[in-house]
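Top line first, the protein sequences correspond to chains A and B. All residue numbers for the first sequence refer to UniProt numbering, where the first residue is 1 and numbers rise by one. All residue numbers for the second sequence refer to UniProt numbering, where the first residue is 1 and numbers rise by one.
Hints were generated in silico from the structure; no laboratory data involved. There could be a bad hint or two in this list.
Facing chain B, according to a computed beta carbon distance under 8 angstroms, are these residues of chain A, among others [stated by the list, open to error]: (1) R6; (2) H26; (3) F60.
All of these numbers come straight from a predicted model, not from anything done at the bench. The C-beta atom is built at its ideal place from N, Cα and C for all residues, glycine as well.
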Amino acid sequence: MSKEQRLGEIIAEHHGREGPLMPILHDVQAEFGCVDAESEAIIAKGLNLSRADVHGVVSFYHDFHTAADQRPEVQICRAEACKARGVEALMTDAEAAAGERVKLSTVYCLGLCSVGPNARIGDDLHARLDSTRLTKLIESA
Amino acid sequence: MTLVKISDDALARACGADALAAAFEKKGCEVHRVSSWGMQWLEPLVEIDGKGFGPATADDVDAILDGSSDLAIGAIEDHPFIASQQRLTFARAGKTRPTSLEDYAATGGWSGLKRAREIGAEQIVEEVLHSGLRGRGGAGFPAGIKWRTVAQTPGAQKYIVANADEGDSATFADRMVMEGDPYALIEGMAIAGKAVGASQGYVYLRSEYPDAIAKMNRALELCADIIAPFKCEVRVGAGAYVCGEETSLLNSLEGKRGEVRAKPPLPAIEGLFGRPTVVNNILTLAAVPHILGEGGANDYEALGMGRSKGTMPIQLAGNIKHGGLYETAFGITLGELINDIGGGTASGRPVKAVQVGGPLGAYLHPDQFDIKFDYEEYTASEALIGHGGITVFDDTADMGGMARFAMEFCAAESCGKCTPCRIGSVRGVEIIDRMREGRSRGTLERQPQMHNTPKQDRSAEDEVVLLADLCDVMKSSSLCALGGFTPYPVVSAMRYWPEDFSDDPESVTRALERIGT
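Throw the hints in and build the complete structure from the sequences for me.
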């Protein structure tokens with residue numbers, strides 16, 4: 001199936017809902033790893049919006065990306081509660097372990113604030129991290 | 001066969017509850033995955049015949065089963081952390097399987113909705129008004145008044161929107177409701193729908209909570225017939241903190257950029273798609289089934305202090321020994337919460353600072369530990385309760401760094417609509433950096449074309465005055481709480497820990513006095 005056909009399917013699936021754009025963008029991001037310019041144009045046409053409208057939404061939210069990143073991603077919470085539990089001290093080792101191979105990204109709060117530092121890989125959450133455990137997680141990501 | 005209860009809450013799972021449950025099953029035990037008791041330092045917590053063991057790993061299974069484990073904490077219900085609470089919203093915590101309709105009905109579930117259907121819309125609003133329930137999202141607006149406004153606004157289509165964009169650090173009560181007792185939230189929404197004449201509900205749930213998304217979707221699927229004709233669905237956010245602000249949330253639901261709307265019009269009058277909309281926090285809605293129970297409104301009103309009625313699920317987090325969920329009536333002091341209940345810091349070092357109310361809440365000094373948990377009392381101290389999250393820091397914390405982070409966070413998460421928040425936060429980071437690194441001006445200001453900028457360096461005192469002035473502008477002229485409340489952590493950190501900002505802490509204090517902040 002071509003990308004255009006798949007996009008058409010996703011759009012059709014959500015078209016009848018109220019406020020269909022966000023669910024569509026989530027599905028496109030999950031399917032292709034990004035919402036690129038081509039997808040934006042097709043979605044805009046499908047929902048009778050301008051491309052600027054769609055691009056405005058894509059660029060607003062942290063979860064949507066305009067280009068796909070093939071690297072595995074490890075999200076590390078660096079909000080106040082995790083800072084209070086020492087996440088910043090782990091970052092040098094984490095960055096060294098990640099190198100160019102793993103994408104480390106910052107997330108503000110995974111809601112596990114009494115057992116931090118915390119990380120998320122895919123839909124899996126990891127708590128009570130120290131340098132050794134975090135390094136291991138990053139290496140096996 | 002031994003019945004073992006282990007939580008399937010995201011926090012317990014992140015601490016290894018799945019492997020633990022599998023290990024018990026392998027030993028031939030029947031494992032029930034229940035909601036979490038909220039004693040998070042003990043997760044994964046194993047419950048057998050009412051007795052608890054935690055934090056357990058798969059290696060502890062044999063010892064727990066033969067009774068020789070040193071992880072035993074005795075009867076869970078009698079544990080001081082649980083026994084001293086007044087749990088209404090979290091009455092089922094630790095006791096029921098989250099998506100089991102059978103467990104929910106057996107513990108009084110749906111009786112609030114049933115009674116609501118009998119007494120009718122006007123009486124529901126009356127009871128919610130009478131209970132004194134205030135919005136638990138942070139602003140503390142009386143829920144009954146909001147509902148009455150929506151009920152009285154004409155409209156063929158109205159909406160109930162549950163704000164589950166719980167982005168504040170140190171808050172997880174919404175997550176625990178959705179993962180532990182999803183039907184309580186759904187029942188609350190259905191009651192709200194009945195009260196105001198709304199047939200459609202949305203739960204706007206942040207994407208950082210994958211477990212909650214799965215549980216809510218499952219629960220909504222299972223109870224669709226019970227709440228009918230009310231319909232409800234989950235909409236997933238996309239990582240924007242500002243979407244926890246109600247008007248920004250509505251824009252996001254509509255499929256737009258999550259920019260804040262100017263108020264008025266209030267969402268109660270022109271909300272989602274321009275229609276009358278109730279936007280309530282998860283904790284507000286989850287408190288409703290209890291209030292609508294027989295005599296519930298009176299019971300609720302009898303708890304608390306002043307105009308803060310009922311109970312507040314308080315979340316103890318950060319560097320705290322006994323972190324978790326503590327639901328109690330308003331009026332408890334901060335010192336009791338942190339020292340008596342929380343057991344002080346996890347690191348064993350002295351407490352340096354406590355942030356109440358998430359990233360936008362003030363940092364409180366241990367000298368202020370007698371402050372009572374009450375909306376008005378916190379406001380009077382230039383602090384806020386917010387969503388009831390408490391982050392504890394020990395004496396290794398760098399408060400200048402935390403103040404900088406508050407500004408940095410605001411810059412990263414600002415929706416960009418209003419200038420004080422969008423640009424003020426960036427300037428705030430720059431000023432704090434200059435204060436901490438020693439007062440050299442940015443190169444931009446030295447360019448010849450910047451002819452209106454003074455070329456000499458500001459004194460330390462002038463930098464503080466500038467920052468305090470900036471905070472004042474942000475506070476008084478931002479559209480929403482993000483820009484408006486970011487100054488709270490910044491100014492409070494400067495006031496109580498000036499030594500973390502400058503080598504000359506006196507100058508910080510002097511400057512704050514000079515401008516009367």
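Do the hints match the structure? See the list:
| no. | hint | result |
| --- | --- | --- |
| 1 | R6 | violated (20 angstroms) |
| 2 | H26 | holds (6 angstroms) |
| 3 | F60 | holds (4 angstroms) |
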